[in-house]
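Fit chains B and C to the known structure of chain A by using the hints.
Chains as they are written, first to last, in the numbering used here: chain A, 1 to 100; chain B, 1 to 499; chain C, 1 to 169.
In short, the hints are calculated from the structure, not lab data.
A hint or two may mislead.
Derived lysine-lysine pairs resembling DSS-like cross-links, with alpha carbons at most 27 angstroms apart [said to hold, decoys possible]:
(1) B:K191 / B:K269
(2) C:K163 / B:K40
(3) B:K269 / B:K321
(4) A:K87 / C:K163
(5) A:K87 / C:K164
(6) C:K164 / B:K40
(7) B:K72 / B:K191
(8) B:K321 / B:K72
Quantities reported herein were computed from a predicted structural model and do not represent experimental measurements.
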Amino acid sequence: MVPLSYYVILSAVVFITGVVGVLIRRNIIIILLSIELMLNATNINFVAFSHYFQNIAGQVFVFFALTVAASEVAVGLAIIIALYRSKSTINVDEFQLLKW
Amino acid sequence: MKFTLTMSGADLLLLLPEILLTTWLCVVLAVDFVWPQLRKDRLAYLSVGGLAVVLVTLFWFDLAGISGTLFKHMFVVDRLAIFFKILIVGTTLLVILASMDYVRRFRFFRGEYYFLVLMSALGMMFMSSANDLLSVFITVEFSTFGFYVLVAYLRQDLASNEAGLKFFILGIFAAGLLAYGISLVYGETGKIVFSDIASASATPGLVIGFLLIFAALGFKIGAVPFHAWIPDTYHGAPTPITAFLSIAPKVAAFAILLRMLFVSLATFKPAWVVLLVAVSILSMTYGNIVAIAQRNIKRLLAYSGIAQIGNVLIGLAAGTKMGSDAMLFYLLTYLFANLGAFAVVIAVGNVIRSDEIEDYSGLNRRSPFLAFAMLVFLLSLAGVPPLAGFIGKIYIFLAAIDEGLYTLIVVGLINVVIALYYYLVIVKKMYINEPVDPSPLRISGPMTAVVYVGLAGTIILGIYPRPFIDWVVGATLMFSNLVGPTASVLPPTVLPFGG
Amino acid sequence: MAQLLFFYLAGVIVLTAILVVGLRNPIYSVLSLLIMFFHVAGLYVSLHAEFLAAVQIIVYAGAILVLYLFVVMLLNVKREDRYHYQFPIGALLGVAILTEAVVLAIQRGYSEDVVPSPPTSELSFTGNTEAIGESLFTTYLLPFEIASLILLVAMIGAIILAKKDILTR
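Just chain A, with the same shape it has in the complex (with noise of 0.2 angstroms):
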């Protein structure tokens, strides 16, 4: 049998990429698919906590974060082709408009 901590080191590591790949990718559709990484490293995490404690709640948990990181790649990606329209490109760094 696989130990619950297995799981849970799985899903840092894999929570972890994603934050490093948000902070060091500058295209838009990568940062996206990082945070995909984010929320599945969060899945992992609730279905191994579930069966843990024999507990239907963490499952039901990644059903509505399947409903959310659906919504949020339609809006994203509806965002990001209303801005190549105006500017043709998808490189974070190219858009200086609005200084940090």
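For chains B and C alone, kept in the frame of chain A given last:
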């Protein structure tokens, strides 16, 4: 297979405001679809009418003392939730009135604008009632999705597109942190309802989980160090949406923070007080110092908003019933003053098509009414007596003194002075400098109404705050037993009418 | 046997996750994410979450990734040649947090095996899908309804943002 869903009519009553608003926004969408020639002003009045009905329902709930929980404590209706819902619905109503002229700038999809504003309001109403971590996640995301679209609504304007993108990326990054934090808390406790978590012990997983959740909520309220999206998003978004964004989501996020800190984490109070004091000091100081250098009024209000959130956090950091009372009262004063200030910015921007502070020169000559209103709102934000902001600041400082948070008070007082300086710079421009173009400004009827409401709120709260203080004190009654570590704060699942 | 399966799935998941972040060509990134999603679904099956495994493949692989691929091809994104200037800081931060997380997880030692005790909840004696369905329509009815509203907002929002400007062309 049989489902055991036990919901009676009385249970549905608790959801009445939300059900009304959901129905209404579908009506708005349908009317816009089947009757495209209808003038969009009418659609705005239709939305305002629906919101007014919801507002009346909420006041009735408050007066009749209707309370209870639904779905195994996932959805709670108590006076605190009702207070926050009244604030949110009121803000939405005023924002829609203030948007009516601005909406003409959108080339198309003007009708859906009102639909999305109502949808965000609905999401924030659910946020105020969220009583478990799953509801927190789903309602926070729900309320933000409308804003992602609304911020990027000016599609021909590159600044708006970019603002939308930055807000979106940081928003879903925060969503990822929130979800992961919740998964860790669930992993440590196996529970998701706030009151069930209260008995947990401080394991590393729980601590990291809650820190991630707070980071995500910090993004929502825009406190330093999670403020990166604020200036750009405020600058690029359509101005009415900036006004909406600067008040309603923050109010709703404070509802969640209040419940989470006072219910789930009451035992860890010493730890979160330190954290909140640090965030509060950083937010106030950073917001006020950077605001001095701003040339654009929307950016200035963005940074001053960060500082105001720092002030609100003082009340939360006190961690007492009085602190939460002061916080609610401060949010009320912030609502009127900030919404009023943004209403003036929208009214001026509609005519001169600019948000640069330089263009406010000689506003007094062009429109004495708008200049006077702006003066009142800025002085209230700064905390000058006898306006609302003064009472709010005194209240919040008194709550902090009770808890002996003297460092926080000293920093707060220094910041009051800094803030007064940059607000007065605008006042000087409006009253002393000469206008470039002295033609008078015309403002529309709904816009004037919003400015009057802001003025009335700011002045009445300052001169006669008693009934409002009674209201906030009543709203947080459930925190009055906040001495015991496992204070049971959930009201019974019954509906005491007229209580 | 179970451990072997876990290590295979976990190895592929970690490898593809790193490839998603590391590869320069967005198409390759999307494809490695696809492989990862299938292996995550495998992990769910090994944890007796069959319903979620199916949903993972249908929604993530079937809908979300197709949308990504569609946009990548629509926009015809060229390879980007550099990483962000924050690269060293980001990588360092990542490694630091990772070590900490692993140490914490081992220390806390969820050492008890998964699948303890004869389960008491409805999770076991009815099917997994049935159990999720029942709780979705009873306890979690409100979030379920809110989720439908989220999808409505996302749908209308995506149309508003991405539809071509009829009036100007």
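With a cut-off of 27 angstroms on the C-alpha distance, tell me whether K87 of chain A and K163 of chain C pass. 16 angstroms, holds
For K72 of chain B and K191 of chain B, compute the direct alpha-carbon distance and say whether it is at most 27 angstroms. Roughly 12 angstroms separates the two Cα atoms, so the pair holds.
Is it true that the CA of K321 of chain B sits at most 27 angstroms from the CA of K72 of chain B? 26 angstroms, holds
Is K163 of chain C within 27 angstroms of K40 of chain B, Cα to Cα? 20 angstroms, holds
Tell me if the straight-line CA distance from K87 of chain A to K164 of chain C falls inside 27 angstroms. Judged against 27 angstroms, a Cα distance of about 15 angstroms means the pair holds.
Do the alpha carbons of K191 of chain B and K269 of chain B lie within 27 angstroms of each other, as the hint requires? Holds: K191 of chain B and K269 of chain B sit about 20 angstroms apart, inside 27 angstroms.
Satisfaction of hint between K321 of chain B and K269 of chain B, Cα-Cα up to 27 angstroms: Holds. K269 of chain B to K321 of chain B sits at ~13 angstroms (cutoff 27 angstroms).
Would you check the hint for K164 of chain C and K40 of chain B, treating anything up to 27 angstroms between C-alpha atoms as holding? Roughly 21 angstroms between the alpha carbons, so the hint for K164 of chain C and K40 of chain B holds.
In this structure, every one of the numbered hints holds.
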